[in-house]
Amino acid sequence: MSFIPHTTEDVADMLSVIGAARIDDLFDEIPPALVAGSLEGVPPALSEMAVGRLMSERAALDGRPLCFIGAGAYEHHIPAPVWSIATRGEFYSAYTPYQAEASQGTLQVIYEYQSMMCALTGMEVSNASLYDGASALAEACLTAVRAHRTSNSRRILVPRTVNPTYIDVARTIAGNQNVVLEPVDFDRAQGRTLVDALQPYEGSDYAAVVVQQPNYFGVLEEVDALVDWAHANDMLVIAVVNPLSLSVLKPPGEWGASGTAKRGADIVCGEGQALGVPLSSGGPYFGFMTTRMQYVRQMPGRIVGRTVDAEGREGFTLTLQAREQHIRRSKANSNICTNQGLTVTAATIYMSLLGAEGLAQVAETSMARTRELVAALTAVRGVRALFSGEGFHEAVLGFDRPVAPLLAALAQRGIQGGLDLTERFPELGPSLLVCATETKTSEDIARYARAVDELQNPAAFARGAA
Amino acid sequence: MSDNLPDDLQYTKSHEWVRTLPNGEVEIGITDHAQEALGDLVFVDVPEVGRRVAAGEACAVVESVKAASDIYSPVAGVVTASNAALAGAPELLNQAPYGEGWLLRIAVDGNRPAAALLDAGGYAAYLAEQAS
Numbered sequence: 040m041s042f043i044p045h046t047t048e049d050v051a052d053m054l055s056v057i058g059a060a061r062i063d064d065l066f067d068e069i070p071p072a073l074v075a076g077s078l079e080g081v082p083p084a085l086s087e088m089a090v091g092r093l094m095s096e097r098a099a100l101d102g103r104p105l106c107f108i109g110a111g112a113y114e115h116h117i118p119a120p121v122w123s124i125a126t127r128g129e130f131y132s133a134y135t136p137y138q139a140e141a142s143q144g145t146l147q148v149i150y151e152y153q154s155m156m157c158a159l160t161g162m163e164v165s166n167a168s169l170y171d172g173a174s175a176l177a178e179a180c181l182t183a184v185r186a187h188r189t190s191n192s193r194r195i196l197v198p199r200t201v202n203p204t205y206i207d208v209a210r211t212i213a214g215n216q217n218v219v220l221e222p223v224d225f226d227r228a229q230g231r232t233l234v235d236a237l238q239p240y241e242g243s244d245y246a247a248v249v250v251q252q253p254n255y256f257g258v259l260e261e262v263d264a265l266v267d268w269a270h271a272n273d274m275l276v277i278a279v280v281n282p283l284s285l286s287v288l289k290p291p292g293e294w295g296a297s298g299t300a301k302r303g304a305d306i307v308c309g310e311g312q313a314l315g316v317p318l319s320s321g322g323p324y325f326g327f328m329t330t331r332m333q334y335v336r337q338m339p340g341r342i343v344g345r346t347v348d349a350e351g352r353e354g355f356t357l358t359l360q361a362r363e364q365h366i367r368r369s370k371a372n373s374n375i376c377t378n379q380g381l382t383v384t385a386a387t388i389y390m391s392l393l394g395a396e397g398l399a400q401v402a403e404t405s406m407a408r409t410r411e412l413v414a415a416l417t418a419v420r421g422v423r424a425l426f427s428g429e430g431f432h433e434a435v436l437g438f439d440r441p442v443a444p445l446l447a448a449l450a451q452r453g454i455q456g457g458l459d460l461t462e463r464f465p466e467l468g469p470s471l472l473v474c475a476t477e478t479k480t481s482e483d484i485a486r487y488a489r490a491v492d493e494l495q496n497p498a499a500f501a502r503g504a505a
Numbered sequence: 420m421s422d423n424l425p426d427d428l429q430y431t432k433s434h435e436w437v438r439t440l441p442n443g444e445v446e447i448g449i450t451d452h453a454q455e456a457l458g459d460l461v462f463v464d465v466p467e468v469g470r471r472v473a474a475g476e477a478c479a480v481v482e483s484v485k486a487a488s489d490i491y492s493p494v495a496g497v498v499t500a501s502n503a504a505l506a507g508a509p510e511l512l513n514q515a516p517y518g519e520g521w522l523l524r525i526a527v528d529g530n531r532p533a534a535a536l537l538d539a540g541g542y543a544a545y546l547a548e549q550a551s
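Residue numbers (our numbering), protein chains in the order written: chain A, 40 to 505; chain B, 420 to 551.
It is possible that some hints are incorrect.
[As the list claims (entries may be wrong)] Think about it this way: if two alpha-carbon atoms lie no more than 16 Å apart in a straight line, the pair counts; the simulated EDC-like pairs of lysine to aspartate or glutamate are:
| no. | chain 1 | residue 1 | chain 2 | residue 2 |
| --- | --- | --- | --- | --- |
| 1 | B | 485 | B | 446 |
| 2 | A | 289 | A | 429 |
| 3 | A | 301 | A | 263 |
| 4 | A | 301 | A | 267 |
| 5 | A | 370 | B | 446 |
| 6 | A | 370 | B | 489 |
| 7 | A | 289 | A | 261 |
| 8 | A | 370 | B | 455 |
| 9 | A | 289 | A | 129 |
[What the hints assert, rightly or not] Cβ-Cβ distance ranges computed for the label pairs, FRET-style:
| no. | chain 1 | residue 1 | chain 2 | residue 2 | range |
| --- | --- | --- | --- | --- | --- |
| 10 | A | 60 | B | 550 | 45 to 51 Å |
| 11 | A | 120 | B | 514 | 50 to 56 Å |
| 12 | A | 364 | B | 550 | 28 to 34 Å |
| 13 | B | 443 | A | 352 | 26 to 32 Å |
| 14 | A | 73 | B | 518 | 56 to 62 Å |
| 15 | A | 242 | B | 489 | 27 to 33 Å |
| 16 | A | 242 | B | 467 | 16 to 22 Å |
| 17 | A | 78 | B | 467 | 52 to 58 Å |
| 18 | A | 234 | B | 518 | 34 to 40 Å |
| 19 | A | 242 | B | 518 | 24 to 30 Å |
Calculated from the structure, these hints are not laboratory results. Computed from a predicted structure; not experimentally measured. Positions of the beta carbon are idealized from the N, C-alpha and C atoms, including for glycine.
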């Protein structure tokens with residue numbers, strides 16, 4: 040059977056029946072100004088061999104820079120089996136399958152993934168994943184507004200230490216549903232959100248408070264105090280976390296002083312890329328969300344449950360689907376009706392191969408490397424650590440001159456030095472967010488520090504050379 | 420079609436029933452016709468006591484194996500009670516829609532009677548019209 044469904048003659052026949060001269064006539068209600076003309080700059084068709092060669096040449100222009108950029112996407116070593124298993128034909132699909140129950144293996148992988156995310160975050164139920172960390176925060180905000188039993192408030196407190204890109208995305212998505220995100224300032228010396236900054240909102244009607252741990256600056260928030268304050272003021276807590284960090288940090292389900300009546304975050308979300316998904320120019324990644332059973336009906340996304348069939352044999356099924364679009368239509372919790380199947384499969388394999396101990400090793404090594412990096416860079420004249428708060432595997436450095444030219448010069452030397460925060464946080468002055476994971480060696484760090492020293496203090500090097 | 424429509428209740432076109440209690444509050448549930456159309460109920464979400472609801476506002480959700488439906492408050496007021504037994508036994512809605520399957524009670528603003536409610540005859544006629 041031909042895979043070209045319509046021949047030129049077929050198309051002409053169909054057009055004559057409906058009385059249209061050309062296919063384009065079917066779209067004539069589109070205003071002419073909006074129709075794309077010829078695509079400028081796109082060369083004529085090339086052969087596969089020519090395309091392959093062109094792309095290899097272009098890729099080579101990127102070089103293989105040493106990357107010290109984090110800010111939400113992290114370069115970790117991915118053991119070879121992860122993607123060789125994930126790309127097996129049985130798994131290699133981007134989607135939750137249609138006729139999902141006919142794909143028991145896929146459903147079981149998702150079920151295992153959900154179980155792992157619940158274990159990491161200290162929550163009771165997980166969905167099958169969302170698009171990415173930023174949209175997961177947007178969905179978490181909407182979930183919190185729906186889930187709050189005693190308040191109709193659509194306002195949420197969002198510290199400025201939450202990833203600003205996530206805030207932008209959450210504002211775009213949830214803002215259109217009248218959810219208002221109100222910023223809370225951070226302490227300039229510590230680089231984290233203090234309970235004092237929340238005091239002005241004491242007793243006010245807000246649905247939730249967002250807490251990112253570790254925060255955007257890599258600093259550890261005082262999560263216990265923030266969570267206790269939120270619950271004392273009848274607000275839910277949305278935790279934004281790096282799942283890898285949870286192998287060494289307290290899970291959000293246990294945040295808050297022990298012995299308090301209501302303990303732990305209520306909704307946990309974040310970006311899952313660190314778990315076995317390559318940086319690959321920004322995606323595809325996957326977002327995750329976990330929560331408590333009492334809020335499960337407010338959670339968006341697919342959920343896989345374990346059950347038994349009519350003969351009592353174990354099986355897996357999509358469950359609680361009355362929350363979803365294909366059942367509840369416009370009143371569904373969300374318009375998401377899929378998951379990031381492939382990257383979730385990779386993450387599940389990554390977590391199962393490393394185990395709790397392996398994940399903790401990656402986290403601890405990354406923390407140690409970042410300490411080493413900060414020590415090496417702050418030994419350079421004109422560079423200092425900006426915040427005193429204890430951190431995970433990122434830190435903010437302050438510079439005595441603009442950062443952009445330094446980053447450009449470092450790139451010339453094959454080093455991606457970090458993310459320039461100066462524009463987003465002008466009050467910090469020239470500032471750089473840096474990250475070192477387990478993929479960076481002491482030699483890499485020394486090379487970076489030496490380059491910064493040469494670029495910051497060229498006179499000293501000129502004298503040394505003379 | 421069900422003809423189980425007690426005369427002492429009032430009805431809405433969205434298939435809720437309203438019972439006026441001796442203390443002036445109203446009790447709200449779903450009709451026998453509604454529970455039959457929904458099928459086996461598996462989950463009922465009732466509002467928190469103290470919540471203020473507007474007339475026509477979605478104030479509860481009932482979920483069956485095949486659908487989830489909003490329950491609209493026929494009156495404006497404050498929720499004074501919600502049926503906690505339904506959390507563990509949603510099937511009460513199927514078994515006794517006018518009795519143990521009640522959903523919530525509301526203290527109506529200004530004790531105003533609910534406007535535009537149907538009596539049993541009016542609701543029966545509405546159902547017949549819908550069925551034809």
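Results of checking the hints against the structure:
Between residue 485(B) and residue 446(B), the direct Cα distance comes to roughly 26 Å. Violation of the 16 Å bound is thereby established for this hinted pair. Distance hint between residue 289(A) and residue 429(A) is fulfilled; the C-alpha atoms sit about 15 Å from each other, no more than 16 Å. The hinted pair formed by residue 301(A) and residue 263(A) meets the criterion: a straight-line CA distance of about 12 Å does not exceed 16 Å. Restraint check for residue 301(A) and residue 267(A): the C-alpha separation of about 8 Å stays at or below 16 Å, so the hint holds.
Distance check on the hinted pair: residue 370(A) and residue 446(B) sit about 25 Å apart at the alpha-carbon level, beyond 16 Å; violated. Proposed proximity of residue 370(A) and residue 489(B) is supported: the alpha carbons are some 9 Å apart, at most 16 Å. For the suggested pair residue 289(A) and residue 261(A), the alpha carbons sit about 11 Å apart, so the restraint of at most 16 Å is met. Simply put, residue 370(A) and residue 455(B) have alpha-carbon atoms about 22 Å apart, too far for the 16 Å limit, and the pair is violated.
For the suggested pair residue 289(A) and residue 129(A), the alpha carbons sit about 36 Å apart, so the restraint of at most 16 Å is broken. Hint check: residue 60(A) to residue 550(B), Cβ distance near 49 Å, so the stated range 45 to 51 Å holds. A C-beta distance of roughly 54 Å is found between residue 120(A) and residue 514(B), which places it inside the suggested range of 50 to 56 Å. Evaluation of the 28 to 34 Å hint for residue 364(A) and residue 550(B) yields a pass: the beta carbon distance comes to about 29 Å.
A hinted range of 26 to 32 Å is violated for the C-beta pair residue 443(B) and residue 352(A), which are about 56 Å apart. One distance hint, 56 to 62 Å for the beta-carbon pair residue 73(A) and residue 518(B), holds here, with the actual separation near 60 Å. Taking 27 to 33 Å as the suggested C-beta distance range, the pair residue 242(A) and residue 489(B) conforms, at roughly 32 Å. With their beta carbons about 19 Å apart, residue 242(A) and residue 467(B) fall inside the hinted range of 16 to 22 Å.
At roughly 56 Å, the beta-carbon separation of residue 78(A) and residue 467(B) lies within the given 52 to 58 Å, and the hint holds. At roughly 50 Å, the beta-carbon separation of residue 234(A) and residue 518(B) lies outside the given 34 to 40 Å, and the hint is violated. Under the hint 24 to 30 Å, the C-beta atoms of residue 242(A) and residue 518(B), about 41 Å apart, miss the expected range.
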